[in-house]
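Novice: If you want the building blocks of each chain, they are given just below.
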Amino acid sequence: MKIENEDELDNFIICRQCFTLNEEIPIKDGSKALCSECGGVLYRYDSKLIDHSLSLSITGLIFFVLANMFPLLQIDILGSEQFITIPKTIVSLFENGFYIVGFVCVFLIFIFPLMIFLINILLFTLLKMERGEKLTKELLILLSHITPWSMADIFFISILVALVKLIAFGQIHIGISFWALMIFVLIDIYITKSIHLSEIWMLRKRILLNKDKQ
Amino acid sequence: MIEIDEDKLIRCPVCDAVNIDKGKKNACRRCGSAIYQHRKFSTEKSWAYLITAIIAYIPANLYPMLVTSAFGTKDESTILGGVVLLWELESYPVAAIIFFASIMIPVMKFLILIYLLISVKYPLGKDKKVSKHKLYYMTEVIGPWSMIDVFVVAILAALIHLSSVEILAGTAATAFAISVFFTLLAAHAFDETLIKENR
Chain A
0 MKIENEDELD NFIICRQCFT LNEEIPIKDG SKALCSECGG VLYRYDSKLI
50 DHSLSLSITG LIFFVLANMF PLLQIDILGS EQFITIPKTI VSLFENGFYI
100 VGFVCVFLIF IFPLMIFLIN ILLFTLLKME RGEKLTKELL ILLSHITPWS
150 MADIFFISIL VALVKLIAFG QIHIGISFWA LMIFVLIDIY ITKSIHLSEI
200 WMLRKRILLN KDKQ
Chain B
0 MIEIDEDKLI RCPVCDAVNI DKGKKNACRR CGSAIYQHRK FSTEKSWAYL
50 ITAIIAYIPA NLYPMLVTSA FGTKDESTIL GGVVLLWELE SYPVAAIIFF
100 ASIMIPVMKF LILIYLLISV KYPLGKDKKV SKHKLYYMTE VIGPWSMIDV
150 FVVAILAALI HLSSVEILAG TAATAFAISV FFTLLAAHAF DETLIKENR
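Line order of the protein sequences matches chains A and B.
Residues in the first sequence are numbered consecutively from 0, following numbering that gives the first Met the number 0.
Residues in the second sequence are numbered consecutively from 0, following numbering that gives the first Met the number 0.
Hints are computed from structural coordinates only; laboratory data are not their basis.
Don't take each hint at face value.
To be verified - Derived lysine-lysine pairs resembling DSS-like cross-links, with alpha carbons at most 27 Å apart:
| # | chain 1 | residue 1 | chain 2 | residue 2 |
| --- | --- | --- | --- | --- |
| 1 | B | K24 | A | K133 |
| 2 | B | K21 | A | K204 |
| 3 | A | K1 | B | K21 |
The structure displayed is predicted, hence computed values, not measured ones.
Taking the hints into account, I'd like the entire structure generated from these sequences.
Specialist: As structure tokens, then:
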């Protein structure tokens, strides 16, 4: 294989599932490119990626705040009502002396999901304004380190499992926070799983090239 | 004009950019991150994390995960005990989820990582139909799901908090969280470019 210089490697992409080298081709708006070997999604093209991601990130952040403010589950047990919120769940781990589990949970279900959304908002705002060349790079690197450690979706499934276990104890009421968390998780899955980081890198490159031309 | 071998192209684990493998020191041309620098200790880091995880997995299965005390009687259940109890209570889907998340996934991850770590050093499974890259990708995707049990215990312990009926997390919760944490680290530390099957 012959190439002019290293930058030309940007026209290629290695499949994250099977490590096959694929050539990157321009595709229609809203469609996705699949790996020639295994059929896994390589990248999508969305001409309004910035606007879509920015609005979804802000919506997600609002629902994250809602999910943390209101009660998640309430149980009537032996005549007394008990409820939990997400922060209370984590705090009670610390109170019972489970510092390691509490520490892990704080990061996995609170700090990292929150950071992903804050970073996304900042990142796409900067890209929209076509500024902060260095900062966007740092943010993208940070994002790729955090994303595998964000487990809001797994926490949500855990709530469903906990619900089944709780039936034996008493009457359960589902709080506002549960529904807010559900919407947050759906947005979180779309933002972290469906938008590949390489698409944002490609977008950043296009923006920088356009800026240089002007 | 540079002439390069297609086999020499590697993917940056941080930003997915295609890079040329230059041997010892690889810095990604797009994001500047180091791409698996320590060639001499290519698998040792991953091994170390993996062994830690396996050691932590033993107390996670022996000690109680959940301690239920109701009206003076204490009832301790381990991970496997919890699954059996749920199965007897006829909540099969939940029993299956917990079984998959806390037993199947960690054990599968250990075995797959051991297989991958051995196979990149010694000629093993050269003619296998299953792609090693696919296996690795799978461990990365399913790995975090084993945290389910820890989260469930956290929710139950926070919610049921009365003087007469109380649920407490057990020692196994800590051990299990540590085990999952280190398996995730082991998977991240694994150098995917060492897999040389399609090349």
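Novice: May I ask which of the numbered hints given earlier this structure violates, with the numbers listed in increasing order?
Specialist: The structure breaks none of the hints.
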